[in-house]
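Undergrad: Could you put the whole structure together from the sequences, leaning on the hints where they help?
Number of protein chains: 2
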Amino acid sequence: MKILIIGGAGMVGQKLARRIAAGNIGVEVDTLVLYDIVEAAIPGAGFKVETVTGSLASEGEASRIAAMRPDIVYHLAAIVSGDAEANFDRGWDINARGSWSLLEALRAENEASGGAYVPRVIFASSIAVFGGPFPEKIGDDFLCAPQTSYGAQKAMTELLVADYARKGFIEGMSIRLPTVCVRPGKANLAASSFFSGIIREPLNGVEAILPVDDDVRHWHASPRSAARFFTHAATLELDRLEGRRSLNMPGVSCTVAEQIEALREIAGEDVVKRIKPKADETIRRIVAGWPRNFDPARATALGFEAERDFAEIIRIYIEDDLPNAAA
Amino acid sequence: MKILIIGGAGMVGQKLARRIAAGNIGVEVDTLVLYDIVEAAIPGAGFKVETVTGSLASEGEASRIAAMRPDIVYHLAAIVSGDAEANFDRGWDINARGSWSLLEALRAENEASGGAYVPRVIFASSIAVFGGPFPEKIGDDFLCAPQTSYGAQKAMTELLVADYARKGFIEGMSIRLPTVCVRPGKANLAASSFFSGIIREPLNGVEAILPVDDDVRHWHASPRSAARFFTHAATLELDRLEGRRSLNMPGVSCTVAEQIEALREIAGEDVVKRIKPKADETIRRIVAGWPRNFDPARATALGFEAERDFAEIIRIYIEDDLPNAAA
Numbered sequence: 001m002k003i004l005i006i007g008g009a010g011m012v013g014q015k016l017a018r019r020i021a022a023g024n025i026g027v028e029v030d031t032l033v034l035y036d037i038v039e040a041a042i043p044g045a046g047f048k049v050e051t052v053t054g055s056l057a058s059e060g061e062a063s064r065i066a067a068m069r070p071d072i073v074y075h076l077a078a079i080v081s082g083d084a085e086a087n088f089d090r091g092w093d094i095n096a097r098g099s100w101s102l103l104e105a106l107r108a109e110n111e112a113s114g115g116a117y118v119p120r121v122i123f124a125s126s127i128a129v130f131g132g133p134f135p136e137k138i139g140d141d142f143l144c145a146p147q148t149s150y151g152a153q154k155a156m157t158e159l160l161v162a163d164y165a166r167k168g169f170i171e172g173m174s175i176r177l178p179t180v181c182v183r184p185g186k187a188n189l190a191a192s193s194f195f196s197g198i199i200r201e202p203l204n205g206v207e208a209i210l211p212v213d214d215d216v217r218h219w220h221a222s223p224r225s226a227a228r229f230f231t232h233a234a235t236l237e238l239d240r241l242e243g244r245r246s247l248n249m250p251g252v253s254c255t256v257a258e259q260i261e262a263l264r265e266i267a268g269e270d271v272v273k274r275i276k277p278k279a280d281e282t283i284r285r286i287v288a289g290w291p292r293n294f295d296p297a298r299a300t301a302l303g304f305e306a307e308r309d310f311a312e313i314i315r316i317y318i319e320d321d322l323p324n325a326a327a
Numbered sequence: 001m002k003i004l005i006i007g008g009a010g011m012v013g014q015k016l017a018r019r020i021a022a023g024n025i026g027v028e029v030d031t032l033v034l035y036d037i038v039e040a041a042i043p044g045a046g047f048k049v050e051t052v053t054g055s056l057a058s059e060g061e062a063s064r065i066a067a068m069r070p071d072i073v074y075h076l077a078a079i080v081s082g083d084a085e086a087n088f089d090r091g092w093d094i095n096a097r098g099s100w101s102l103l104e105a106l107r108a109e110n111e112a113s114g115g116a117y118v119p120r121v122i123f124a125s126s127i128a129v130f131g132g133p134f135p136e137k138i139g140d141d142f143l144c145a146p147q148t149s150y151g152a153q154k155a156m157t158e159l160l161v162a163d164y165a166r167k168g169f170i171e172g173m174s175i176r177l178p179t180v181c182v183r184p185g186k187a188n189l190a191a192s193s194f195f196s197g198i199i200r201e202p203l204n205g206v207e208a209i210l211p212v213d214d215d216v217r218h219w220h221a222s223p224r225s226a227a228r229f230f231t232h233a234a235t236l237e238l239d240r241l242e243g244r245r246s247l248n249m250p251g252v253s254c255t256v257a258e259q260i261e262a263l264r265e266i267a268g269e270d271v272v273k274r275i276k277p278k279a280d281e282t283i284r285r286i287v288a289g290w291p292r293n294f295d296p297a298r299a300t301a302l303g304f305e306a307e308r309d310f311a312e313i314i315r316i317y318i319e320d321d322l323p324n325a326a327a
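Residue numbers (our numbering), protein chains in the order written: chain A, 1 to 327; chain B, 1 to 327.
Treat the hints as calculated values from the structure; they're not laboratory data.
Take the hints with a grain of salt, since some may be wrong.
[As the list claims (entries may be wrong)] Chain B is nowhere near these chain A residues, computed Cβ spacing over 10 Å in every case:
no. : residue
1   : 61
2   : 278
3   : 302
[Claimed, not checked] DEER-style ranges, computed between Cβ atoms:
no. : chain 1 : residue 1 : chain 2 : residue 2 : range
4   : B       : 90        : A       : 217       : 41 to 47 Å
5   : B       : 243       : A       : 297       : 23 to 29 Å
6   : B       : 217       : A       : 167       : 40 to 46 Å
[Claimed, not checked] Partial list, derived from the structure: chain B residues whose beta carbon lies under 7 Å from chain A:
no. : residue
7   : 131
8   : 141
9   : 143
10  : 145
11  : 147
12  : 149
13  : 152
14  : 155
15  : 163
16  : 243
17  : 244
The structure displayed is predicted, hence computed values, not measured ones.
C-beta: ideal position from N, C-alpha, C; glycine also.
TA: In structure tokens form, the structure reads like this:
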């Protein structure tokens, strides 16, 4: 089986690649292709791992990708929320038109094969498809009312994935990721970047800016869980989705104050002191429109799992990523 | 004020044009432009009414339309559900890409004017954005899970309208129409066509096919109500939508048996005898995935109104359209 990760150099893409390379996917893999605008790092694996560089939104790229005829396509490529909000055209081109051209190219391969080639497409969506006002917990029947361009682009791609799958051109589903936290490495342009920054930077001896009030509640899952959501989706019987192909993933709901308290318990007061509150109105406004808590009953029933509390999320960062950060 | 109706030759477009021509819109009109692929009929009006022919999905058409700088754009153009289901490319090209190109062209005019030109765009969406399983009544927070390409195309355009409006390029909202019933004139390719046919044909002395069981429940509003939804939206304060720019319209929920019973009461048994049951599996399958009942609380609070029962819908057909049909 050939697996393609579009966005394979990104943080979640790399976690997923390493998880697949370690044999934790439940299918027989012969080739893993990591596609991204930059050369992806190649994990050690008992099968062939290749990298391809390019931009999905460029002319002809989608066809080039589809011509590889991957059995599973993980579509994780996107520009982040802050970037899409600041650059309207760029966001719609890459996050929406790029995704659409991928589906069109896969459909062309499906038709060229007389219907024999039906790739499984797992799309990385986001809880940014939701907009307030919210119920205490967002259920599986709650409407999408995105309040950012990024959220609208994710919601639109979900609609396309669902319709192309319904028509049988692909098998498909969308994984609505919680905010992935603690992200290793550097801060990025996502408005959600600080949720990781306030844990990661202090643990690495660096000061971190907290741009919102500490009573902000949000929905998190670790990078390890994110990778596991995607590998779980590789073998999920998609008929069980019953035509509702976008799933809210499980996660941990907690306030920034609870995040900080968990950090204090694990790493102590001196580490927590490295968090410096400094209000940022733009981030504050974007984050105010984001979901805070979910009841992901369908995903849970289908076997998707995340952490139980934020302390576990911090411990996973320390276990999986802190050694590399220090090295 | 200049008003443009895209899809102005269509049934609802014509009803809307006549309603505007009769002065029932609440704004001062100096020009009404009826755009469609065929020449639209021109209603008598106390202001200028023009027709323009063309196809929104054609190269350059969206810019041509936007260059008219209409103050209000009613976007009613679409190919119907049955057609979009049978012709995948055609549906996505016209219903989705066509709508997107319109919004892009209006945005270009907005930017060319330095932000001074902000047209109000009222998009004709549909309850086909919903997919089962349904609650007894669909509330305003219920998810979009379209089970047809047509529904997905409407849902996608809703997302675009909302994001372009949020960014201030347009003022915008989407009106999710119930099935418009009783449609005058001929049956069309819409899978919903029979809901009108079983009333209209018998009243005109013609036999009508009933392709589904008579316990099928559905959500209806008259053409008169549809036109009134659109004129009401012309002056609605859109801030009241609070970022949720797609509204379920009010309507009448009833079964086919109840439709027939209302027809019997109004027109008698001999007329009802012209309805001939003949199962059609394709239509049956499509209609089975459609909503049956709503609680349109937000739209009602915002002053949108429909009929109270199906008998009223039949009487409106007899009043507004039967004389023309007979003539």
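Undergrad: Of all the hints given earlier, name the ones this structure violates by number, lowest first.
TA: 6
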